[in-house]
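**Student:** Sequence:
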Amino acid sequence: MTHTQLTQLVSVAEQNIALIDETIGFAGSKLATQILGEEGAANLLQHAKDIKAQGAEFCDCPGCVAAKNIIDLKAEIM
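Under the numbering used here, the residues of the sequence shown are numbered 5 to 82, in order.
For the record, the hints were derived by calculation from the structure and aren't laboratory data.
As the structure is a computational prediction, the values presented were derived from the model and not from experiment.
Among the hints, erroneous ones may be present.
What the hints assert, rightly or not - Listed below are the simulated SDA-like cross-link pairs for lysine to any residue, each with C-alpha atoms no more than 25 Å apart in a straight line: (1) K56 / Q19; (2) K34 / D64; (3) K72 / F30; (4) K34 / A45; (5) K53 / E43; (6) K56 / I24; (7) K34 / G44; (8) K72 / I55; (9) K78 / D64; (10) K72 / I21; (11) K56 / V16.
Kindly generate the complete structure, drawing on both the sequences and the hints.
**Tutor:** This is how it looks when you write it as structure tokens:
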């Protein structure tokens with residue numbers, strides 16, 4: 005990858021990673037219920053609250069985990 009592509013990759017990761025409070029906000033919304041159903045939204049909300057209680061700062065879905073890995077490696081890949 006070129007330096008420009010790496011810069012763009014890091015930028016996209018930083019812009020799109022979800023903070024755990026954002027995840028909690030979404031999971032408790034009507035939109036989440038419409039998308040995930042009542043049970044799915046409730047499960048996501050409880051999971052997000054549980055991992056926040058354990059100290060999580062970010063959502064732990066695969067996309068956010070990948071974004072966090074890229075951000076953590078920023079100094080090495082730039």
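**Student:** Could you tell me which of the numbered hints above are not met by this structure, giving the numbers in increasing order?
**Tutor:** Every hint satisfied by this model.
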